[in-house]
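Participant: Mapping to full-length UniProt numbering: the sequence shown position 363 is 363, numbers consecutive.
Take every hint as true, because none was put in to throw you off.
Simulated pairs of lysine to any residue, SDA-like, Cα-Cα distance not exceeding 25 Å:
id, residue 1, residue 2
1, Lys-28, Ala-427
2, Lys-28, Gly-116
3, Lys-240, Trp-366
4, Lys-28, Arg-410
5, Lys-240, Leu-146
6, Lys-240, Glu-362
7, Lys-28, Gly-415
8, Lys-28, Leu-426
9, Lys-55, Arg-416
10, Lys-28, Ile-422
11, Lys-28, Pro-254
12, Lys-28, Glu-62
13, Lys-240, Ala-367
14, Lys-240, Ala-228
15, Lys-28, Arg-430
16, Lys-240, Pro-229
17, Lys-28, Glu-414
18, Lys-55, Thr-45
19, Lys-28, Phe-402
20, Lys-28, Leu-335
21, Lys-55, Leu-213
22, Lys-28, Asp-431
23, Lys-240, Trp-371
24, Lys-28, Ser-421
25, Lys-28, Thr-15
26, Lys-28, Arg-434
27, Lys-55, Ala-196
28, Lys-28, Leu-258
29, Lys-28, Asp-17
30, Lys-240, Arg-141
31, Lys-28, Gly-168
No lab work stands behind these hints: they were computed from the structure.
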Amino acid sequence: MDITRGIARNVAASTIDAFPDEVVAYAKTLTMSAFGAMVAGGTCTGSDIVTRYVKRAGGTPEATVFGEDVRLPVEMAAFANATYAHATEYEDDSFPEAVSSYTIVPVAVALGEQLGSSGRDVLAAFVAGYETQARIGLACREARRLGYMVLSLAGSIGCAATAARLFGLDAERTANALSIAASQASGVGYQTGTMAHIVEMGFSARNGLTAALLARDGFTGQPDVLEAPRGLFAMITAGKIEAPERILADWGRPYRILEVGIKEFPCCYHLQRIIETTMELRSEGIAAADVERVEVEVNAFFPTVVQHLEPHDELQAQFSLPHAVAAAFLDPRVLPASFARERIEDPAVRDFRSRVAMVVREDWGWAPTGWTPRLTYRLRDGRVIVREPPGSRGQPPNLLSFDEAIPKYRGCVEGRIAEESIVESLAILRDLERCADVSALARAVSRPGFR
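Using the sequences plus the hints, can you model the full thing?
Facilitator: Here it is, written out as structure tokens:
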């Protein structure tokens with residue numbers, strides 16, 4: 001199998017004209033979602049450290065660090081913006097490959113700004129990069145079981161594909177970019193709920209861009225690095241690669257970008273349907289004071305990610321089942337403030353967390369998807385309510401339209417940029433394929449004096 005070269009050929013040949021209309025439309029929606037998080041994330045826990053780091057590094061002003069109105073070398077801008085985006089925990093993911101559009105978009109936007117790329121090229125590079133990381137993630141699901149964070153591991157290679165496409169590299173140099181990125185691909189699943197988790201997405205963006213920059217100038221790597229007997233796939237799956245032949249055979253059939261779900265709540269993907277179901281129950285007249293106990297049955301995979309039963313900070317709270325259920329019952333809306341330290345330490349929230357129990361069902365197997373949690377709400381009046389949510393709003397097949405995703409974008413950027421900037425950026429994003437130079441997007445959200 002010629003997988004590395006085959007992916008490279010597909011990436012180099014990608015054009016927006018070859019994509020179905022629904023792929024282009026949804027790529028714009030996902031770009032808007034990620035862009036909003038990049039602008040918002042500079043205020044999140046740990047982002048101030050990243051900001052100081054990239055500003056101290058300095059360098060040639062090539063691309064914008066959003067929310068900070070500073071321009072830095074493109075790799076550093078992509079690193080910061082991707083870390084900011086992930087810090088919100090709003091990132092949009094697809095499963096079972098477990099990768100995110102928030103990894104790819106910061107690279108496409110930063111490099112597009114530096115090169116003066118058209119919106120058409122940025123969208124083509126985004127879709128090609130996403131397809132790359134998604135197909136790799138599908139073949140390497142065993143890596144997740146072994147503890148790798150596939151989001152950042154496959155993301156490094158997807159980012160290299162995106163950058164290679166924007167640079168206009170031929171198939172040979174694109175293959176070299178993928179190969180160089182493979183040598184930097186990593187991520188540790190155990191890091192969820194820490195700053196190290198949020199920065200893994202930034203590393204992917206930086207590493208993928210670096211790989212493409214080196215390949216553009218003639219740097220090389222093994223052209224079969226993914227599929228070789230001692231290559232990346234064999235290494236990260238302990239030889240348990242799933243149908244690698246499907247990577248190329250299924251490419252674009254359909255595009256995996258259409259399997260990306262948009263998060264409504266700023267916390268782990270696996271908490272989304274649990275929060276939504278709990279809020280629906282509350283809307284039916286069940287108040288927090290009515291609840292004696294909540295039992296949430298989950299499979300063996302769930303606690304490997306949602307691992308903080310009693311959170312001590314914002315990052316842990318975003319990966320805490322008891323805190324998510326408490327927020328869904330006690331807060332009018334589940335927003336970033338729901339996971340702030342003030343809410344974590346609130347006596348009412350602490351009390352409700354103590355009433356939530358995770359029940360791990362080993363007999364349900366181990367998988368990120370393909371199973372349904374069972375929520376049992378035991379009320380003080382003796383009633384027992386059981387819910388089994390199959391999915392949540394914004395998750396496949398219930399994808400959000402551009403207009404339906406605007407409230408999420410506004411929730412991210414309001415207070416960070418002026419209303420006229422919000423309106424201008426939305427107009428550019430809505431018609432991104434008609435944008436002659438995506439640097440207009442950076443200018444739209446920058447202070448007038450910075451433009």
